[in-house]
Amino acid sequence: MQNRSTIVRLASWLAGLAILGGAAGGLALDVTDPFTAGSAAWSSTAGWSLVEAADGSVVFRGDSQNDGFARNLQVALGSSWRIESDVVFRKYYADGQGRGVASIALFPGLGSGVQFLANINHRTNDAVELNVQWFDTSRALWLNSILTAWQPNRTSTYRIQLTRPAGSDRVSLVVSSPNGFTNRIQSSAIPADVLNRMGVFGLRVNSAQVAFDNVRVITPYQLPPAPRILQQPVARRVAVGAPVRMQVGAEPGVPLQYQWFRNGIRIRGATSSELVLDAALPVHQGDYTVEVSNGETTTLSNPALLTVLDARLGIAPGQHVGFPLQISAAVGLAYTLQESLDLRTWTDLANAVGTGNPVVLSVPVKPEGQQGYYRLVLP
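Residues in the sequence shown are numbered from 0 upward in steps of one, following numbering that gives the first Met the number 0.
Simulated from the structure, these hints should not be mistaken for lab results. If you're wondering where the values come from, they're calculated on a predicted model, not measured in any experiment. Cβ atoms here follow ideal geometry from the backbone N, Cα and C, with glycine treated the same way. Honestly, I wouldn't trust all of these hints.
To be verified - Using C-beta positions, here's what the derived DEER-type ranges look like:
(1) Ala148 / Ile264: 15 to 25 Å
(2) Asn262 / Thr181: 37 to 47 Å
(3) Trp345 / Ser271: 46 to 56 Å
Use the sequences and the hints to build the structure in full.
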């Protein structure tokens, strides 16, 4: 309890310095507000009950059937920031008491209207939509820069995190919940002048009763460095049906997330440092890469080519081969090299039995201008 109180006092002192300094974001702020200080640091519109005792703690609450806002009076946002809050939906009023919205809101100033919103649009039928909107003042129009589809989420408790890296024209939105739901999204480009004029942050409720707690603001905010890949995945050549293991090694001691791709397409469920295929098939052939993330920044590995060979001849399906032709046929496998001048009539040139070792096959030299076609025939 002593630690919690110290954080609140330090936050208030730092915020006061920011106001005296006069320049938004002129001093580094890392403010945690568990609302133990009551409503003194906040201004609100009608329809808000600023502070309530609930679940054994003091929380901030909006309770409105229309838009309600509360703005922080002390923290001035700079050109980069991170804003976080715990969000708990308590009651719903829209759509027959089945839907409500909770948001982080940004304003150019304390007296201005809201011009930027990061929304959790929650329904009681276990679905949630996330979106980020900014207001185009020249057209008097709200525009979406993030909009997700509805997805199942059987909870009403979330942690929301909105980040603008230094000088960026994009924001990232991360929403998670205790049941394992996590959605990480980066916005499309937003005009820099829109983001640059957002100097005040607040909280918004629409058609719901929502509890906000443990609000934290960091400004300016610096993204951590991207993970370093110490061991790149290695190219492999394997026979059809053989197991495959590919690994990536990244800087130790850092919690990391992984996502593997084949030919640039995400592989579902391949989210560890090791990729395992129980039995390689021709469809598995391709370039493999892995994206390594610390949750904020990512690094993409070098591509590693997986070649899947025909187990009997040591040739990849569809592979173009030239002469001299080297074959590594399985032990005891009989095969025939054939020739054709017209792709209709074929003549045997050589019969062989595999030894498991590479064997070089040659063909007769053709007269100048004559073309020949060759194929291997298996029993």
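Against the structure, the hints come out as follows:
1. A hinted range of 15 to 25 Å holds for the C-beta pair Ala148 and Ile264, which are about 20 Å apart.
2. Checked against the given bound of 37 to 47 Å, the beta carbons of Asn262 and Thr181, roughly 26 Å apart, lie outside it.
3. In this structure, Trp345 and Ser271 meet the distance hint of 46 to 56 Å, their C-beta atoms being roughly 49 Å apart.
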